[in-house]
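**Q** Once you've looked at the hints, dock chains L, R, U and Y against the given chain S.
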Amino acid sequence: MTERVKQILSWYNSASAGVRTNLARIMNHGKLGGTGKMVILPVDQGFEHGPARSFAPNPPAYSPLYHFQLAIEAGCNAYAAPLGFLEAGAADYAGDIPLILKLNNHDLLLEEKDPVSAVTGSVGDALELGCVGVGFTIYPGSAFRREMYEELRAIAEDAKAHGLCVVVWSYPRGSGLSKAGETALDVCAYAAQIAAQLGAHIVKVKLPTAHLEQPEAKKVYEQTHIPLEPLSERVRHVVQSCFDGRRIVIFSGGAKEDDATLLDEVRAIRQGGGFGSIIGRNSFQRPRAEALELLRQVMAIYGS
Amino acid sequence: MTERVKQILSWYNSASAGVRTNLARIMNHGKLGGTGKMVILPVDQGFEHGPARSFAPNPPAYSPLYHFQLAIEAGCNAYAAPLGFLEAGAADYAGDIPLILKLNNHDLLLEEKDPVSAVTGSVGDALELGCVGVGFTIYPGSAFRREMYEELRAIAEDAKAHGLCVVVWSYPRGSGLSKAGETALDVCAYAAQIAAQLGAHIVKVKLPTAHLEQPEAKKVYEQTHIPLEPLSERVRHVVQSCFDGRRIVIFSGGAKEDDATLLDEVRAIRQGGGFGSIIGRNSFQRPRAEALELLRQVMAIYGS
Amino acid sequence: MTERVKQILSWYNSASAGVRTNLARIMNHGKLGGTGKMVILPVDQGFEHGPARSFAPNPPAYSPLYHFQLAIEAGCNAYAAPLGFLEAGAADYAGDIPLILKLNNHDLLLEEKDPVSAVTGSVGDALELGCVGVGFTIYPGSAFRREMYEELRAIAEDAKAHGLCVVVWSYPRGSGLSKAGETALDVCAYAAQIAAQLGAHIVKVKLPTAHLEQPEAKKVYEQTHIPLEPLSERVRHVVQSCFDGRRIVIFSGGAKEDDATLLDEVRAIRQGGGFGSIIGRNSFQRPRAEALELLRQVMAIYGS
Amino acid sequence: MTERVKQILSWYNSASAGVRTNLARIMNHGKLGGTGKMVILPVDQGFEHGPARSFAPNPPAYSPLYHFQLAIEAGCNAYAAPLGFLEAGAADYAGDIPLILKLNNHDLLLEEKDPVSAVTGSVGDALELGCVGVGFTIYPGSAFRREMYEELRAIAEDAKAHGLCVVVWSYPRGSGLSKAGETALDVCAYAAQIAAQLGAHIVKVKLPTAHLEQPEAKKVYEQTHIPLEPLSERVRHVVQSCFDGRRIVIFSGGAKEDDATLLDEVRAIRQGGGFGSIIGRNSFQRPRAEALELLRQVMAIYGS
Amino acid sequence: MTERVKQILSWYNSASAGVRTNLARIMNHGKLGGTGKMVILPVDQGFEHGPARSFAPNPPAYSPLYHFQLAIEAGCNAYAAPLGFLEAGAADYAGDIPLILKLNNHDLLLEEKDPVSAVTGSVGDALELGCVGVGFTIYPGSAFRREMYEELRAIAEDAKAHGLCVVVWSYPRGSGLSKAGETALDVCAYAAQIAAQLGAHIVKVKLPTAHLEQPEAKKVYEQTHIPLEPLSERVRHVVQSCFDGRRIVIFSGGAKEDDATLLDEVRAIRQGGGFGSIIGRNSFQRPRAEALELLRQVMAIYGS
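For the protein sequence lines, the chains are S, L, R, U and Y, in the order given. Heads up, my numbering is the position in the first sequence plus 10, with the first residue counted as 1. Heads up, my numbering is the position in the second sequence plus 10, with the first residue counted as 1. Heads up, my numbering is the position in the third sequence plus 10, with the first residue counted as 1. Heads up, my numbering is the position in the fourth sequence plus 10, with the first residue counted as 1. Heads up, my numbering is the position in the fifth sequence plus 10, with the first residue counted as 1.
Hints listed in this document are in silico derivations from the structure and should not be mistaken for laboratory results. Misleading hints may appear alongside valid ones.
Keeping only pairs whose Cα atoms sit at most 25 angstroms apart, straight-line, the calculated BS3-like set for lysine-lysine is [what the hints assert, rightly or not]: (1) K228(U) - K189(R); (2) K229(U) - K216(U); (3) K228(S) - K123(Y); (4) K228(Y) - K189(U); (5) K123(U) - K123(Y); (6) K189(R) - K123(U); (7) K16(R) - K123(L); (8) K123(Y) - K189(S).
Only chain S is shown next, with the shape it has when bound in the complex (with noise of 0.2 angstroms):
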C-alpha cells in the first residue's frame, strides 16, 4: 500500500476494516492505482435519460458488458450502475474490476419541480454482486430531501454494517434553487457538505461555476474573500467544505462536451486538490477507441 493510500484510508479510521479494505480496493485498482487519485465509470443513463438517448450514439453501448469490458480495459478504478446492468455482468467478469451498485434512480418520463429518485436496489443485492460499494443520489433543494436523506441514512447503516462503502452523488436540485444555483459555488459546497455529514465515504458533486445564490452565503464568500475564479479554486473550496479535505471528492464532467475542455476541467481539479472524476457520457457515447483514448489522457493527468 503507498503512503498515499495509507493517509487517505487514515481519515476513515472509525470505519470498520471491511469499510476501509473496499476503499483501498478502489483506491489500488487500475491504471491510477496507489496514487490518490480515480476514475470511475458510471452508467445509469439507460434509466435516467432512456435507452436511445443514452446508447443510440455508439450503439455497442446498448450491452451492459460493454461497459464492463471498457471501464476494465481502460484501467478505471470502479464501475458503478444499477440493478440490471450489474446483474447482467457481475458473473462474467467477477472480480475484475471493483463495482459500485448505484441503489437509486430516477426517469424522466415524468417532469418535476421536486424531483426524487426511486431506491431500485439493496446493500442485499450489492453484496450478492460481490460489490464495494453502493451508490446514492440526493438532491438537496428538493422538496423531497428529506425522504432522500432518510433512505441514505438507513442504507448507509445497512452498508457499513456489511462493510460496502457510501458513494453519494449530491446533485442540487429542486424548488429551492434557480437553474444557475443548481451548480453554484455556495450549492456545490453545501451539498458536499451535507454528504460528508451524511456518512458518505466518497461525494460526488457536479463541477461549480462561480455564481452564488443563497444571500446570506453570498454575504460571507465576500466578507472572507473566498476566491470564485479559477475553477481550481472553486474546486479547492469544494475540497475543502468536504471535511477540509478529509472525505475523497470527485467530480462530474456532465453532458459531452469538447475534449479540451474536459482535459481542462481535469488539470483544474487536480490543481485544486480533488480527488478524480466520473466520466460516464463523455466516455461511453463515443467509440470504444476514442473513449480508452480520452480515459488515457485523463488518467494521464491525474497520474502526472
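**A** Showing chains L, R, U and Y alone in chain S's frame:
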C-alpha cells in the same frame, strides 16, 4: 437442454440456480419448449376490467379452471393470474404448467390520471402455490411510478432470494404522457429499459407505434437514424433497448383484434428478435376451439 | 360431512387443512349445517352507525351477550362482530358458535366522499378469541381502495397462515361511483370478482339492482344479453362473477325492511344459486322472539 | 376481593389473568378500593396546555413528585401521566399507587381543525415503569381518527399481550362536529361505543349535554324516547352505550369549576350508574389541602 | 462523585444504570466536572447553515478534528455533532471527551414555513462511535411536530434501552408561531416542558425574551404574576417549567454576539438556576485562542 436455452440462461448467470431453474421451466415447457420463444396466457382482466367485460363474451371463462385447461391444452409456456384465480386451480393442476402469480392489480371503478396498482399477493403466496415466478406491473409516466418501482424492487429481491423469476409488465401511462405517447417507440423502449434495470428477468411491453413522444429523444432518433418502420424494426429497437437482447422481452397484443393482424404482429415480433407474446383477451374471449386454433398458429410462427 | 359440503370444500383445495376445517365449521354449524347454505349474524352497527341508532329500537341489544345468544338460539352458522363485542362474550359462549372477528370498521362522525375503514383488530386477536375466521370490508370505487386492498392482502396472508378463513364485505362506494352505482349489477359483480381475486373464501355483497353504471360494461351486458330481471337472475350473475360459483358468495339485506320483501329476497338468492344471507339490523332491531321467528323462516327457505 | 369487583372482572373474562390482575389493582386501591367505583388523577396538562397554564395557579404542581403524593394521599385509584412525569417519580413511589402511562399527547402550539395526538410513549415504557395500564386519546370526528384508531389497535394488542389494561380517553373533536357537538349526548354515547369496540377496558368520556348533534341519531332519540334530562339519565345512556354497562366508563369534569357544580355532577354520575371520575385540573390547580378535601368529598359520594 | 452530581442523578432514578453512568460521564468531565453545571460544544452548523457560512470566518474549523481539539482543550463537558463529523474524529480522540451524536438535521437549501429535520443517524451509530448520548431537535409549533415527537419517542426508547442519554434541542418554530413567538417566554417554557415530558434527560432551549405569545397563556402569566424581567427570572421560570428543576436544562446563545452580552447571559443563566450553556458559533467562529479564552470565562462563571 437445447443450445438456445443454454445461451439465454447464460445471460442470467448472476442469478441463483433456483431462478435459472424456473426460467428454464418456462422455456422448456409446452409446444415452444426449447426454442427460446414463449407464449404466456395472462388472465387478470377480471380484476382489471370487471368480470362481464372479460368473460361474458365466452362464459366458460368465468371459471378459473377454464384458463388452466386452456393454457395446458394450447401448450403455452406459462399461465399468469392474480391470487384468487391461481388459488382456485393450482392444486387441481399441480405441476401441469408453470404458473406466474401476478402480484399487483388495478381496477376501473375509479378513473385516475395517474394510475397505481394495488399489491394483491406476495412471494410467499407464489411459493405456496408452486409458482415459477411472480409478475408485477409498473406504469412509467405515472406520478406514482416511484412507489411502484420501490414495491417492485422489494418484491424482486424477495422473489430472487426464494428462487422465483420476476416478470415485469411495463406499461407507460399517467400524467407525464399523451395517450399516443403510451405506445410511442421511444417510450416503449424506455419502459423496457427501466424494467430491465429494475432487475426483471422477463420484460413485457406493448407493441410500439412509430410515434415519438419526447422531444429530446426524438432528436436522437432522427440523428442516429433509428428506423421507425416496419413494425419488426421497432421490435428490434425495443429488444436492443433491453440490454442489447440479453433480457427476454415479450409483447402483448392488447384488445381483441382480427386474427390476420395479430398473426402479422407475431411475425413482426419474431422477425425483430422478440422472444414471444402474451395473449390474453384474444384467446380466452373466443370459444375454446377457436382459441386453441389461434394459439396453434401463433406458436407455429414462433416455432418455425 | 355431507356431499355438498365436501363439494364446496373441494373448490378450496389449494387452502390449508386449517382453513378448510374452519370453513367446514361454518358450513356444518346451526340449522343449515350440512346444506352448503348459511345465515350469519353480523353486528358492527354500534361502531358503524352509533349505539342508539343500532340498539335503541330493541334495548337488550345494547348488551354484547344478547347477540351471542340470538345467533346461537336462532341456529345461525356464525356470528361476526368487532373486537370489543367479541371480547365481551367469547369466553362466556366459548365453542357455542363459530365466530368471525371483523377486522376493520368505519364510523359516521365525519362524512367523507371516499370512505376508508380503520383496522380495529388483528389475526392474533381472532386466534386468541377462538374465531374461525376474520372479516374485512373493502370499498371498491373509493379513492382509498388501494390502501384497503393492500391491508386485506396482508391480513388474508396472515389469516391463512394461521388456518383462519377470510370473509370479505365488498361494498362499492366512493367518488368513482354514483349513488345508484353502489348497487348496480355491473358494479356488484365487479366488487364480488375483486374480493374473490384478493383471495376471499367467503364474499359478501349487497343485492344488486338492475341499474348498470359503467358505460363500457353496459355495452357488454347488452351485447351478451345478460338478464337484468328478475332478482334471481342478477344473483345468478353475481355468483357466476365469483369464479363461476366456485367461491361462497352471500348477500346482505341492508336497512330494516318489511318481512315479506326480505323473504322474497331470500327466495331469489336461493333460486339464483346464492349461498346465503347476512342478516343484521333486520334481526337484532326487533324483539328477540320476532327475530327468532324471522330467522326461522329465512333458514326454512334456504334449507328447503 | 369484594363481590362487586368480582362481578366487574367477570365482564372481562376473555382477557388474560394479567390484564384482570391489573384491573383488580386499580379497583382495589385507595379509598374506593373494593367498591367498583374509581377516582383517577390525570396530569397531562403540562403537555396539553403548557406548564404555566397548568401549574402556575398552584406552583408546587410544577414538580412531578407533587402529583404522585397528591394521588397517594387522596387515596385515588390510580395516577395517569405522560412519560416524562412518570419517569420522574416512578422509582421514588414504586408500588405506592397504580400508574397509567398516557401514550399519546397533543400540544396547543398550533391550532388545527382536525387534531391528532402524537404517540409519546410505548407499552415497553409502561412495563419498565411498573404501570398497571396504558392510556390513549382518540378524537372521533377528526379527519385523522383512522390513524388514531389504528395506533390504539396496535397499542392495545401489545398492552394486552403484556398483561396491561387499556384506558381510552374518547373525546369527540374535529371537522366532523360542531363545537356543541363535541359534548352532545348522541356523540358522547357514540364515542364511548367506539372506544369499547376498539377493546378498551376502561372508557373515559366527557359529561354529555342534552344537545343532539347528528340528524339521523336525533330521529332515533326522539322515536325511542331516550331521556335527555336530568344529567344522571344522560350518564345512564352513556353507560348503556358502553356495552350495556359491561365496560367501566368514567367521566371527566373538564375545566376548573365551582365545587358545588362538580359535586352535583359526581352525584349524577353515581346515580346514572357511572363508575367514577377523572379529576385533574380541579384537584391539582388548588392548594394541596383544598384538593385533598375536595377529593375526600368526591370519594365520599362514590363510596356512599 | 460530588454530592451535587449525586443529587442530580437521583432525579433520574427511574433510568437504567447505563443511562445514569453516561449522564455522570458528562457531568464529571472537563473543567466543570462535579459542579452539576455544563458547557457543551455543538457543531452542526455545517449541515444547518452550510460550510462557508459556518467555517469561513475561522477556516481551521472546516476540519472535523478542530472541534474535537477545541472541546477537549477548553474542558467542555461534551461535544455534539452529526454523523459525518463524529465519524471523522471519534477514533482519533477515542475516550478524550464525551460525545453526543446529533441524530437529525435540517438544511437551508429550501425555505419552509413548517420545518422538519431529517433523521441522519441512529442509536446504533452512536454506540459504534462510543457516544454517551444522542441529540435530537424538535420544532414545537411546526405542522410536522407530530412526526418529530414520534421519531424522538422511538429514538429515545431505543437509546435508553442501550444506556445512552437523550438530549433534546427544543426550538419552537413553524406556522403556529410568530417570529417573536419563537423565543417568547411562554413558548420557551412550553417547549421545555414538552421535551421533558417526551423523556429527555437534558433539555436545550433558547434564552427566552419577555414576549408572551399565546393569549390564553398571557392571561395566566399576568394573573399569577410570573416575572418577565430580568433574564434570570425568565431562566428560573423555564427551569421551573422543566419539572421544577428536576431535569437538566441548558441554554443556547444563538448567533455570534459580543462577548460582554454573552457573559451577561451566562451570569443570568447561572443566577436563574440553569444548568449550563451550549456554545457553538460563538466559540468555533473565532480564532482558537480567543475561543479558548471565552470558554474559560464562561466556565469560570458557572464554576464560581
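**Q** Take a quick look at whether K228(S) and K123(Y) sit within 25 angstroms of each other, Cα to Cα.
**A** holds (23 angstroms)
**Q** Hey, K189(R) versus K123(U), does the alpha-carbon distance stay inside 25 angstroms?
**A** violated (29 angstroms)
**Q** Decide if the proposed pair is consistent with the structure: K123(U) and K123(Y), CA atoms, cutoff 25 angstroms inclusive.
**A** holds (18 angstroms)
**Q** Please work out if K16(R) and K123(L) have their alpha carbons no farther apart than 25 angstroms.
**A** violated (46 angstroms)
**Q** Would the pair K123(Y) and K189(S) pass a check requiring their Cα atoms to be no farther apart than 25 angstroms?
**A** holds (22 angstroms)
**Q** Within a Cα-Cα threshold of 25 angstroms, do K228(Y) and K189(U) meet the stated pairing?
**A** holds (24 angstroms)
**Q** Keeping to a limit of 25 angstroms between CA atoms, is the pair of K229(U) and K216(U) held or broken?
**A** It holds: about 23 angstroms lies between the C-alpha atoms, which stays within 25 angstroms.
**Q** Within 25 angstroms, alpha carbon to alpha carbon, are K228(U) and K189(R)?
**A** The hint holds at about 24 angstroms.
Comparing the model with each earlier hint shows violations of hints 6, 7; every other hint is respected.
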